[in-house]
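Participant: Listed below are the residues making up each chain.
Number of protein chains: 2
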Amino acid sequence: MEKNFWITNEAIEINDVVNKVVRPEAGAVNTFIGTVREFTKGKRTLYLEYQAYASMAEKKLEEIGREIDQKWGDAKTAIAHRTGRLDISDIAVVIAVSTPHRKDAFEASRYAIERIKEMVPIWKKENWEDGTLWIGDQKETKSYKENTPIGEDHTND
Amino acid sequence: MEKNFWITNEAIEINDVVNKVVRPEAGAVNTFIGTVREFTKGKRTLYLEYQAYASMAEKKLEEIGREIDQKWGDAKTAIAHRTGRLDISDIAVVIAVSTPHRKDAFEASRYAIERIKEMVPIWKKENWEDGTLWIGDQKETKSYKENTPIGEDHTND
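So the protein lines, in turn, are chains U and X. Note that numbering that gives the first Met the number 0 numbers the first sequence so that position 157 is 156, with each residue one more than the last. Note that numbering that gives the first Met the number 0 numbers the second sequence so that position 66 is 65, with each residue one more than the last.
It should be emphasised that the hints constitute simulated quantities derived from the structure, not laboratory data. Careful: at least some of the hints might be erroneous.
The list treats identical chains as one, so a pair stands whether inside a single copy or across any two.
Said to hold, decoys possible - Only pairs whose alpha carbons sit at most 20 Å apart, straight line, appear in this in silico SDA-like list of lysine to any residue: (1) 116 x 106; (2) 102 x 113; (3) 42 x 129; (4) 102 x 88; (5) 40 x 120; (6) 40 x 22; (7) 2 x 36; (8) 102 x 84; (9) 70 x 118; (10) 102 x 39; (11) 124 x 36; (12) 40 x 102; (13) 102 x 114; (14) 124 x 62.
In this text, all values refer to a predicted model and were calculated from it rather than measured experimentally.
For reference, chain U alone in the conformation it holds in the complex:
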């Protein structure tokens, strides 16, 4: 796989992401892995569904990589985000950032996940025990009406 930033319907292999950033100049790789949590504020999630505007999402992930380059200089970033149905503990996103020294790897990786949630067109549908809810953006500040069918009402912005 050539791309360092990709959206996929398949299970993400952590090594596929980490291997993109390991290099002789790096002494540190920080990896953030987002997994499906069963309970959120006491509500039980059965599974999640992620949808993405994939081509735009990959462009936005690349943009985050460029932002990290600018802010941290000698950093290399790779990000994979999954779409489709994810069960409890499945991996939704893997970020890997390598830098010469560890402080920068931690900071840049944290930056990446915050930016993903701010700017990448990926939507999440919570399937709880007692209903469903589309989360309109990943900051979870907007939400749409319950039981909205997949593919409706979830344009970018």
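Following the hints, complete the assembly by docking chain X onto the known chain U.
Facilitator: This is chain X only, laid out in the frame that chain U set:
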């Protein structure tokens, strides 16, 4: 493998460490991977050698896990550290911490690597182009005379 904290002479598989901490309660896993960097302040490393007082090192890694439990509450930690000869880009250490939310995972993982360098009896021998140097502790504040043979002069305090 039953242990969550271990010293090994074999290559560390990142998944072996991450799989110890993935769980339904967690939405975030932060992983720190330390790799062998080729250049440090302009000096070229050919390879490194790590030695550990293994049984004590594993106890100290467990202690770090307990410290994280106390500080962050709902966190699960696993750490593997390699010994022996490591070539450029080889993995020396993998830390994985899972928590319900990402902020804690980043913080606890960072805490773990700082504590490893402070308190775990592992010694590193730099094999540079122009000589060798034992690094007496992982904070790299103490160093021993050049060309000390492996196994001499490097007891645990």
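Participant: State for each hint whether it applies.
Facilitator: Evaluated hints:
no. : hint      : verdict
1   : 116 x 106 : both (16 Å within a copy, 19 Å between copies)
2   : 102 x 113 : both (17 Å within a copy, 10 Å between copies)
3   : 42 x 129  : within (9 Å within a copy, 61 Å between copies)
4   : 102 x 88  : between (28 Å within a copy, 18 Å between copies)
5   : 40 x 120  : neither (25 Å within a copy, 41 Å between copies)
6   : 40 x 22   : between (41 Å within a copy, 17 Å between copies)
7   : 2 x 36    : neither (28 Å within a copy, 24 Å between copies)
8   : 102 x 84  : neither (35 Å within a copy, 25 Å between copies)
9   : 70 x 118  : within (17 Å within a copy, 32 Å between copies)
10  : 102 x 39  : between (30 Å within a copy, 16 Å between copies)
11  : 124 x 36  : within (13 Å within a copy, 42 Å between copies)
12  : 40 x 102  : between (32 Å within a copy, 17 Å between copies)
13  : 102 x 114 : both (18 Å within a copy, 14 Å between copies)
14  : 124 x 62  : neither (25 Å within a copy, 39 Å between copies)
In summary, the structure is inconsistent with hints 5, 7, 8, 14 from the numbered list given earlier, while agreeing with the others.
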